[in-house]
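A.B. asks: Sequences listed follow chains H and C, in order. Count the first sequence with the numbering used here and you get residues 1 to 138, in order. Count the second sequence with the numbering used here and you get residues 1 to 460, in order.
Worth flagging that the hints you see were computed from the coordinates, not collected in a lab. Wrong hints could be hidden among the right ones.
In silico contact screen, one side only, chain H against chain C (beta carbon under 8 angstroms); selected entries [unchecked claim]:
| no. | residue |
| --- | --- |
| 1 | Ala13 |
| 2 | Val15 |
| 3 | Ile35 |
| 4 | Met40 |
| 5 | Asn48 |
| 6 | Ala49 |
| 7 | Ile51 |
| 8 | Glu52 |
| 9 | Thr53 |
| 10 | Asn54 |
Quick caveat, the model's predicted, so the values are computed rather than measured. For glycine and all other residues, C-beta sits at the position ideal for the given N, C-alpha and C.
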Amino acid sequence: MEKKTLVIGVIGADVHAVGNQILYHAFTDAGFNVINLGVMVSQEEFINAAIETNADAILVSSLYGQGELDCRGLREKCDEAGLEGILLYVGGNIVIGKQPFDEVEKRFLAMGFDRAFPPGTPPEVDIEDLRKDLHIEE
Amino acid sequence: MKPVLLIDFGSTYTKVTAVDVDAPRLLGTANSYTTVQTDIMNGLADALSKLEKKTGRLDFCERYACSSAAGGLRMLASGLVPELTAEAAKTASLGAGAKVLKTYAFKLTEDDAEEIRAINPDIFLLVGGTDGGNSETIVYNAKILKEIGGDFPVILAGNRNAARECERILSGREVHICENVMPKFGVLNIEPAQREIREVFLNRIVRAKGLTQASELIKGIMMPTPSAVMDAMKLLAEGTQSQKGLGDLVAVDVGGATTDIYSVAEGLPDDPRTSLRGLPEPYIKRTVEGDIGMRYSIRGIIDAAGLERVAQTAGLTPERLSEIVDMFAENTDMLPYDDETLRADEALASWAVRVAVTRHAGRLEEIFGLGGLKLVQTGKNLVNVDKFIVTGGSLIHTEHTRDIASYGFYDEEEPGSLKPKQCDVLVDRSYIIAAMGLLSKNYPDAALTILKEELKTETR
Ligand code: B12
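Could you build the full structure based on these sequences and the hints that come with them?
C.D. replies: Here it is as C-alpha cells:
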C-alpha cells in the first residue's frame, strides 16, 4: 500500500528538538513518509509543506507552554488553503503548567484538532491512532 | 596566434570581442546596432569591420555567440505554493538566463490563461508538487495550458507521478519532461530543468529569433547572454584546474530596464546555531529586478528608494531630480550631459545597486522569545563575500564606480540585510564578462586569464 505522508514540526518560537527527532524516527520506522520541518515552525510552513507533499496529516508539537496561542487558527488556515479535512494532531506540553487534561483536550478539539495528546504520550499510542484515523490496515 | 571571436547579440547592440587563446589576451572589442528585424548578420558584419579596423585582419578559427536579442529568452513559469515550487521554478528559469515575465502559483485562472496567451512565451516551465505529493494542481494547469493553444514548448519539472499524465494532456505540443525542481520537500534540484531550458533555447528559440543565419557561421554554443555571464562568474570564483579563482563573489549589472544580481557563494550562516528558513539557496544565484533600471525602469528606483533620499545622495533638490528622472524616462537614449544630470545618474545608479543587492541578499532576524535570543536566516548570507564585480553601462563609464558599488555593501543601520561587508570592487571596463563566459566552455584557462587581466580592481 502507498505510504501515508505526515508533516511534523514544533510550532511557534519553540526550540525543544529532542521529542521531534524521536517522533521522526518512530513514524518513519512505522512506515510513514515523514516530512520533518524541525523546530520553530510557523503555521504557514506547516500548511505549505502539506500542500506540496499532498500530506495526509499534520502533527504539531508544542513543548514550551505557548501551544494554545500558537495553534489558534491553524484549522481555519488549512481550510482556506484547500486542505479541508486534513488530519490535525497536537502533542507535547501543550499548555502552561499542570492543568486537567480533559479540559485542555476539549479546548484543542474546539480549535479544530482531531486529537490532542497529554504530556509523555509514547509514540506507539500516536501511531495506533494514526493507523485508525488514516484507515491503514496492517 | 589563435584568434577566437565572441559575439553578443544584445537587444540594442551587437558586441564583438576578439581574443587570442594561444597567448591569452584581449585583442579588441567593437559594437554596432543589432539588426534582428532585417538580417542579424548586417549588424554583425558592421561590428566586425569596426573591430578589424582596430585589430587588423583576423582569421578567426572559432566563433561563439550569446543572445538577448528579440526580447531575450522570454519565459513564464507556474508552481504550486508561492514560496516553494513556484519560487523554485522562478529561480531555475532566471538561473538558465531567461527573462521571467511572470510566475504563477496554485491553479491558473481564466485571467492567467488570457495573459499567457497574450504573452505567448518562448518557453513555459510547468512545475508543482514534490515527487509523490500534490498532482492535482499541475494536472489542472496542464489542462489550462492545453486550452490556451499557441505552440510554445512546455518543460515539465514537477511531481514525477504526474508527469506522464500532463504529457498526455498536452499532446500535440512540444513537451519536455525532466526531474522535479523540488523532488523532496525543501530540496532544490534546478539543474536538470536548466539544462532542458538551454537545450530548447538552442534547438528552437535560436531559429525563431532570426538567429539561424548566425548559427550557421557560429560553431557550437549559443546561449542566452545572462547564462554566459553566470558561467563567467562561476569560472572567476572557482578557477580552473591550473589557476586559482577569486573565491566567493557578487556581481551587479545595472541596465536600462532591469538590474541583474549574481552571487557565487554557499551563503550559509556564520553562527551554526542560526536556523535556516525558506527554500534552500542555489550556490550560483541570479535575481532580476524588473522595476529597477536606469532608463525604462528609472521611476522604479525612485519608488523603491524614495525621492528625498536619492535627491540627497545627488545633492539636488527633489524637484530638480524629479525633472531629470522624467527626462531620462522619456529619452531612454539620453546620457548625462552636465554636472547635475551626471550627479543624478550616479545617485540613481547607487540606489539601484542598493535596492537590487538588498533584495538579492538574505536576511537575518533576531527573535526574542521564551528562553532568549534566536537567530533565523532566510536567503543567502553574503556578508563574508569580498569581491564585488560591476558591469553595465551606467557603472563602467564613470570614475565613481567604487562609490556607487559601495551602496550594495553591508550597512550598520540595517544589520539584518546580509550584504557583503568589505569588498574589492572589480570593474568590467572593457565589457567582456559575457564574452568570457562563452569562451570558458572550451578555453576556461584563457577566459580566466583575460578576466583577471581586464577586470580592474578599485581597492578599498
Ligand atoms: C531540554 C529542555 C530544554 C532545552 C531544549 C534543548 C533542545 N534544543 O531541545 C532548553 C534549555 C533550550 C529549554 C528551554 C526552555 N524550556 Co525547556 N525543557 C527541557 C526538558 C528538560 C526536556 C525536554 C525534552 O527533550 N524531553 C524529552 C522528549 C523526548 O520529550 P518531549 O519533548 O516531551 O516529546 C515527547 C512527547 O511529548 C511526545 N510529543 C511531543 N510532541 C508531540 C506531538 C504529537 C502530535 C504527539 C502525538 C506527541 C508528541 O512525543 C515525544 C517523544 O516521545 C523539559 C522538561 C521535561 N522533562 O520534559 C523542559 C520543558 C519542556 N521546558 C520548559 C520551559 C518553560 C522552557 C523555557 C521557556 C524556559 C525558559 N524560560 O527559558 C525555554 C523555552 C525555549 C524555547 N523557546 O523553546 C517547560 C515547559 C512548561 C510548560 N509547557 O508549561 C518544561 C516542561 C520544564 C518544566 N517542567 O517547566 N528546555
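A.B. asks: If a hint holds in the structure, say so; if it doesn't, say that too.
C.D. replies: To see whether the hints hold, each was checked on the structure:
A least Cβ separation of about 3 angstroms between Ala13(H) and chain C falls short of the 8 angstroms threshold, and the interface hint therefore holds. For Val15(H), the interface hint holds, since its Cβ comes within 8 angstroms of a Cβ in chain C; the closest pair sits about 7 angstroms apart. A distance limit of 8 angstroms between C-beta atoms decides the matter here; for Ile35(H) the minimum to chain C is near 5 angstroms, and the interface restraint holds. Evaluation of the Met40(H) hint against chain C yields a held restraint, the C-beta minimum of about 6 angstroms falling below 8 angstroms.
Annotation: Asn48(H) was flagged as interfacial toward chain C, and the flag holds, the nearest CB pair being 5 angstroms apart, inside 8 angstroms. With 8 angstroms as the threshold, the beta carbon of Ala49(H) comes within range of chain C, its nearest partner Cβ sitting at about 5 angstroms, so the hint holds. Checking Ile51(H) against chain C: minimum C-beta separation of about 5 angstroms stays under 8 angstroms; hint holds. The closest approach between the C-beta of Glu52(H) and any C-beta of chain C is roughly 5 angstroms, which is under the 8 angstroms cut-off, so the hint is satisfied.
Residue-level restraint check for Thr53(H) holds (minimum Cβ-Cβ distance to chain C is 4 angstroms; threshold 8 angstroms). Checking Asn54(H) against chain C by beta carbon gives a least distance of about 4 angstroms; that is within 8 angstroms, so the hint holds.
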